[in-house]
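Colleague: Sequence:
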Amino acid sequence: MTQYKIHPIVMGTKIFDKTMMTYQYGGGERYTIPIYSFYLEGGDKKILVDTGEMNPIRSEDREKSMGGKIYTFEEGLARWDLRPEDIDVVIHTHLHNDHCENDYKCTNATFYVHEKEIESIYNPHPLDFRYLEDFITDVDEAGQIQRITSDQKITDGIEVLHTPAHTPGGLTVLIDTPAGKAAITGFCVIMENMDPPNSIKAMEMEVIPPGTHVNAYESYDILLKVKKMADIMIPLHEPMFASMDTIPS
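If you count the sequence shown from 1, you need to add 28 to reach the numbering used here.
Rather than coming from a laboratory, the hints here were simulated on the basis of the structure.
Mixed in with the good hints there might be a few duds.
DSBU-like mimics (lysine-lysine), calculated; alpha carbons at most 30 Å apart, straight line [unchecked claim]:
#: 1; residue 1: Lys73; residue 2: Lys209
#: 2; residue 1: Lys181; residue 2: Lys133
#: 3; residue 1: Lys181; residue 2: Lys73
#: 4; residue 1: Lys33; residue 2: Lys253
#: 5; residue 1: Lys73; residue 2: Lys97
#: 6; residue 1: Lys42; residue 2: Lys253
#: 7; residue 1: Lys133; residue 2: Lys92
#: 8; residue 1: Lys42; residue 2: Lys92
#: 9; residue 1: Lys253; residue 2: Lys92
#: 10; residue 1: Lys181; residue 2: Lys209
#: 11; residue 1: Lys133; residue 2: Lys42
#: 12; residue 1: Lys256; residue 2: Lys181
#: 13; residue 1: Lys229; residue 2: Lys181
#: 14; residue 1: Lys209; residue 2: Lys253
#: 15; residue 1: Lys133; residue 2: Lys229
#: 16; residue 1: Lys46; residue 2: Lys73
#: 17; residue 1: Lys97; residue 2: Lys42
#: 18; residue 1: Lys209; residue 2: Lys33
#: 19; residue 1: Lys92; residue 2: Lys73
#: 20; residue 1: Lys73; residue 2: Lys229
#: 21; residue 1: Lys229; residue 2: Lys209
#: 22; residue 1: Lys42; residue 2: Lys256
#: 23; residue 1: Lys33; residue 2: Lys255
#: 24; residue 1: Lys181; residue 2: Lys33
#: 25; residue 1: Lys73; residue 2: Lys255
#: 26; residue 1: Lys181; residue 2: Lys46
#: 27; residue 1: Lys181; residue 2: Lys92
#: 28; residue 1: Lys253; residue 2: Lys46
#: 29; residue 1: Lys209; residue 2: Lys255
#: 30; residue 1: Lys209; residue 2: Lys256
#: 31; residue 1: Lys46; residue 2: Lys255
#: 32; residue 1: Lys73; residue 2: Lys33
#: 33; residue 1: Lys255; residue 2: Lys133
#: 34; residue 1: Lys256; residue 2: Lys133
Simulated restraints on C-beta separations [stated by the list, open to error]:
#: 35; residue 1: Arg111; residue 2: Glu234; range: 39 to 45 Å
#: 36; residue 1: Asp168; residue 2: Arg111; range: 20 to 26 Å
#: 37; residue 1: Asn226; residue 2: Asp45; range: 19 to 25 Å
From the three backbone atoms N, C-alpha and C, an ideal C-beta is built for every residue, glycine too.
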């Protein structure tokens, strides 16, 4: 069985009220999240999960807030001796713009995307302004997109699970590592969503749904399911990984 090292690379940030991550919890708290592209090192293919922002805002304040350096796509890949054209596979957790803005640079990659994300980006609901089809037009027209319709294996040691908590076609990526199975969540959350503080647990809640979700009740159940499947939990926007080169460390 192939095992992987996971390299989180910060390729953008957002600053907003914490409730954008944690539903009905943390209101009024200013919060900085990292936007990651994860390089999965192992096997015979160069694999990324998401591609981040095209032109990330870079400032001392943002880097200090989340505890890590912000890179452009090219700079981030160069840390691991990679160029955009070296990438063989991109797995998309979903197609909100901050997760796919550098897709067009990966000219030799196959993109794995759930079919419901393709539907959403071309015909978004008015409530969801984060879908911008321009960011996938090039790779779609080039025939680089592989549509996912159900849970499936991508390659030895990597599989995807349909988890429509944050978006209709969210994909959680399950990865075999030397320390067990890791889950990069297919929904935008931080560690507190998956391991809430005692004040939330006292309300008999084991997880907190994403601040933006498809259905709050269903999202709760999806988060709980993913939590039980993984030895290593990697919430999509957790700041603690911004200072890490490799998971497991």
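Colleague: Now, for every hint given, state plainly whether the structure supports it.
Modeller: Quick rundown of the hints versus the structure:
1. Taken as a hint, the Lys73 and Lys209 pair is honoured in the structure, with Cα atoms around 19 Å apart against an allowance of 30 Å.
2. For a cut-off of 30 Å, the pair hint linking Lys181 to Lys133 stands: about 25 Å separates their Cα positions.
3. With a CA separation close to 14 Å, the supplied pair Lys181 and Lys73 stays within the 30 Å bound.
4. Only pairs whose Cα atoms come within 30 Å are accepted, and Lys33 paired with Lys253 is accepted, the gap being roughly 23 Å.
5. For the given pair, Lys73 sits about 26 Å from Lys97 by alpha-carbon distance, which is consistent with the 30 Å threshold.
6. In summary, the hint linking Lys42 to Lys253 is supported, as the alpha carbons are separated by about 27 Å, within the 30 Å threshold.
7. Of the supplied pair hints, the one linking Lys133 and Lys92 holds, its CA atoms being roughly 29 Å apart against a limit of 30 Å.
8. For the given pair, Lys42 sits about 13 Å from Lys92 by alpha-carbon distance, which is consistent with the 30 Å threshold.
9. A C-alpha spacing of about 33 Å is found between Lys253 and Lys92, which places the hinted pair above 30 Å, so the restraint is violated.
10. Proximity of Lys181 to Lys209 is assessed by CA-CA distance (about 14 Å); at most 30 Å being required, the pair is judged to hold.
11. Taken as a hint, the Lys133 and Lys42 pair is honoured in the structure, with Cα atoms around 22 Å apart against an allowance of 30 Å.
12. At roughly 19 Å between alpha-carbon atoms, Lys256 and Lys181 fall within 30 Å of each other, so this suggested pair holds.
13. Among the hinted pairs, Lys229 with Lys181 is inconsistent with the structure: their alpha-carbon atoms are about 34 Å apart, more than 30 Å.
14. Taking the CA atoms of Lys209 and Lys253, the gap is near 14 Å; set against the 30 Å cutoff, the hint holds.
15. A distance of roughly 44 Å separates the Cα atoms of Lys133 and Lys229; the hinted pair therefore is violated under the 30 Å criterion.
16. In summary, the hint linking Lys46 to Lys73 is not supported, as the alpha carbons are separated by about 36 Å, beyond the 30 Å threshold.
17. Between Lys97 and Lys42 the CA atoms are separated by roughly 14 Å; this keeps the pair inside 30 Å, and the hint holds.
18. Proposed proximity of Lys209 and Lys33 is supported: the alpha carbons are some 11 Å apart, at most 30 Å.
19. Proximity of Lys92 to Lys73 is assessed by CA-CA distance (about 34 Å); at most 30 Å being required, the pair is judged violated.
20. Between Lys73 and Lys229 the alpha-carbon distance is near 41 Å, which puts this suggested pair outside the 30 Å criterion.
21. A distance of roughly 25 Å separates the Cα atoms of Lys229 and Lys209; the hinted pair therefore holds under the 30 Å criterion.
22. The straight-line distance between the Cα atoms of Lys42 and Lys256 is roughly 29 Å, inside the 30 Å bound, and the hint therefore holds.
23. With a C-alpha separation of about 20 Å, the suggested pair Lys33 and Lys255 falls inside the 30 Å cut-off, and the hint holds.
24. For the given pair, Lys181 sits about 18 Å from Lys33 by alpha-carbon distance, which is consistent with the 30 Å threshold.
25. Among the hinted pairs, Lys73 with Lys255 is consistent with the structure: their alpha-carbon atoms are about 27 Å apart, no more than 30 Å.
26. Proximity of Lys181 to Lys46 is assessed by CA-CA distance (about 34 Å); at most 30 Å being required, the pair is judged violated.
27. Restraint check for Lys181 and Lys92: the C-alpha separation of about 38 Å exceeds 30 Å, so the hint is violated.
28. Simply put, Lys253 and Lys46 have alpha-carbon atoms about 23 Å apart, close enough for the 30 Å limit, and the pair holds.
29. Between Lys209 and Lys255 the alpha-carbon distance is near 11 Å, which keeps this suggested pair within the 30 Å criterion.
30. Proposed proximity of Lys209 and Lys256 is supported: the alpha carbons are some 11 Å apart, at most 30 Å.
31. Pair hint Lys46 plus Lys255 holds up; C-alpha atoms about 21 Å apart against a cutoff of 30 Å.
32. For the hint pairing Lys73 with Lys33, the CA-to-CA distance comes to about 13 Å; that is within 30 Å, so the pair holds.
33. Among the hinted pairs, Lys255 with Lys133 is inconsistent with the structure: their alpha-carbon atoms are about 33 Å apart, more than 30 Å.
34. Simply put, Lys256 and Lys133 have alpha-carbon atoms about 36 Å apart, too far for the 30 Å limit, and the pair is violated.
35. One distance hint, 39 to 45 Å for the beta-carbon pair Arg111 and Glu234, holds here, with the actual separation near 42 Å.
36. Remark: the range hint 20 to 26 Å for Asp168 to Arg111 is upheld by a beta-carbon distance near 22 Å.
37. Checking the proposed 19 to 25 Å range against Asn226 and Asp45 shows it holds: the Cβ atoms sit about 22 Å from each other.
Checked against the numbered hints above, the structure breaks hints 9, 13, 15, 16, 19, 20, 26, 27, 33 and 34 and satisfies the rest.
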